[in-house]
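Novice: Sequence:
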Amino acid sequence: MYVMSRCRCRAAQVLVPIAAGSEPVEATVPIDVLRRAGAHVTIAATGGLLVHAMYGVKIGADATVADCADASYDLVALPGGIPGAANLGDCAALESIVRRHALKGRLYAAICAAPPLALARWGLLNGLKATAHPAFVDEFPAEVAAVDANVVVDGKVVTARGPAMAMEFALALVEQLYGKDKVDQIAKPMLVRYEPGYTFKELNPIQWQCNGTPKVLIPLANANEEMEVITIIDALRRANAAVVVASAEDGVEIVARHNTRIVADVLLDAAADQQFDLIIVPGGMPGAKTLAGQEGDDGHVHGVPAGGRRRVREQGARRREPDHEQGPRDGHGVRGGRRGEADGERGGAGGGGRLALRLSRVP
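Okay, so the sequence shown: first residue is 1 according to UniProt numbering, each after it adds one.
Hints were generated in silico from the structure; no laboratory data involved. Check each hint, because a few of them may be wrong.
Unchecked claim - Simulated crosslink set (DSS-like; lysine-lysine; CA at most 30 Å straight-line): (1) K156 with K188; (2) K104 with K180; (3) K289 with K182; (4) K58 with K129; (5) K289 with K58; (6) K180 with K129; (7) K104 with K182; (8) K129 with K156.
Unchecked claim - Pair by pair, the computed Cβ-Cβ distance ranges are: (9) A270 with A149: 37 to 47 Å; (10) D154 with D273: 33 to 43 Å; (11) A63 with A164: 22 to 32 Å; (12) A164 with D273: 49 to 59 Å; (13) A270 with A142: 49 to 59 Å; (14) E143 with L50: 34 to 44 Å; (15) A71 with V266: 27 to 37 Å; (16) K104 with G56: 15 to 25 Å; (17) K104 with G127: 14 to 24 Å; (18) D154 with T213: 41 to 51 Å; (19) D154 with C210: 38 to 48 Å; (20) K104 with N211: 52 to 62 Å; (21) D181 with D148: 27 to 37 Å; (22) A11 with A239: 29 to 39 Å.
Heads up, the beta-carbon is just placed ideally off N, CA and C, and yes, glycines get one too.
Using the sequences and the accompanying hints, generate a full structural model.
Specialist: Here's what the structure looks like:
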């Protein structure tokens, strides 16, 4: 393949355009994975550089689509989302870039609603096999052969169904650019099993109950893992949880581990006096270490790395409630119903007002 032969020994140049209403998982996972593979990824906005994606996620773009008009890319990959995919399809500057890119025989891709609402609309899927989110498959014109598959590669075009396939989509793009060896190299540390047919099993079922709408805190620091951050926010907000994304840095903008810029809702000290049903701290080094290493005058740790097998849960308004009765350990050493506490206290002087957490360690 033309693209593969050019990119195996250098950094592939990749354009990921995003628009208002883009699906954040479908944008962030390919960006993260492609950068892990060594690609130089430009996140380009159809409008202003601060993009309001779906579910209240705010992403800082590197450039505008118009800024990228004269650049050359090895891959252009479009995320879906509503109305994000339609907004991409409406962008004349992006259409011009992708048309010129396709005429050069280079790789282009789309996921979810973007295959029918952008690529097919521009006539760039005519005569090809493609897939899309089931809700949008009927939007394909007769010239496109719709395929019932998670990811479809036909010539220089890669299409995928939706956010649950974002990782598979991203690895397919890496394979097209760099080959299967590169996929194996980056998939292993991400704990990805890149083969069809496997299933997931819930090993440690824990049920937490709260009254009304769950309120969730997600603290962030620079170099947190963007895939973990965005996937958690996306899933919880889809479930109608009230998610507060709080920056532990001096400003609300976070530069994640693979240089995706995520804009938090508030600074962490602004959330310190609020009560939460659940606190989730994403991983990624050194971001998780930054959050875990903060300690206030009260001696409480100000966070916990996601990879540390610790679970955190707030216990109530400024007072400790009794732990749930601890059930027997399962085969994985986890007790059901184990809870921790978030005190809602601020850290000591010079600590930036970090939220103090009491942690319940899972052995």
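Novice: All hints, please: hold or fail.
Specialist: Do the hints match the structure? See the list:
1. Of the supplied pair hints, the one linking K156 and K188 holds, its CA atoms being roughly 26 Å apart against a limit of 30 Å.
2. In summary, the hint linking K104 to K180 is supported, as the alpha carbons are separated by about 24 Å, within the 30 Å threshold.
3. As the CA atoms of K289 and K182 are separated by approximately 28 Å, the hinted pair is consistent with the 30 Å bound.
4. Between K58 and K129 the alpha-carbon distance is near 33 Å, which puts this suggested pair outside the 30 Å criterion.
5. A distance of roughly 24 Å separates the Cα atoms of K289 and K58; the hinted pair therefore holds under the 30 Å criterion.
6. Restraint check for K180 and K129: satisfied, since their Cα atoms lie roughly 22 Å apart, inside the 30 Å limit.
7. Annotation: proposed proximity of K104 to K182 holds, straight-line Cα distance about 24 Å (limit 30 Å).
8. At most 30 Å may separate the alpha-carbon atoms for a hinted pair to count; K129 and K156 meet this at roughly 11 Å.
9. For A270 paired with A149, a C-beta distance near 45 Å keeps the hint of 37 to 47 Å intact.
10. D154 and D273 have their C-beta atoms about 55 Å apart, which leaves the hinted 33 to 43 Å range violated.
11. Distance hint check for A63 and A164: the Cβ-Cβ separation is about 29 Å, which falls inside the suggested range of 22 to 32 Å.
12. Judged by the Cβ atoms, the range 49 to 59 Å given for A164 and D273 is violated: they are separated by roughly 37 Å.
13. Hint check: A270 to A142, Cβ distance near 54 Å, so the stated range 49 to 59 Å holds.
14. Range check, E143 to L50: about 37 Å between beta-carbon atoms, so the 34 to 44 Å window is met.
15. Restraint check, A71 to V266: a C-beta distance of roughly 36 Å satisfies the suggested window 27 to 37 Å.
16. A C-beta distance of roughly 37 Å is found between K104 and G56, which places it outside the suggested range of 15 to 25 Å.
17. Between K104 and G127, the C-beta spacing of about 18 Å keeps the proposed range 14 to 24 Å intact.
18. Checked against the hint of 41 to 51 Å, the C-beta distance between D154 and T213 comes to roughly 44 Å, which is consistent with it.
19. Evaluation of the 38 to 48 Å hint for D154 and C210 yields a pass: the beta carbon distance comes to about 47 Å.
20. The hinted range of 52 to 62 Å is satisfied by K104 and N211, whose Cβ atoms lie roughly 58 Å apart.
21. Distance hint check for D181 and D148: the Cβ-Cβ separation is about 30 Å, which falls inside the suggested range of 27 to 37 Å.
22. For the pair A11 and A239, the beta carbons lie near 38 Å from each other, so the given range of 29 to 39 Å is met.
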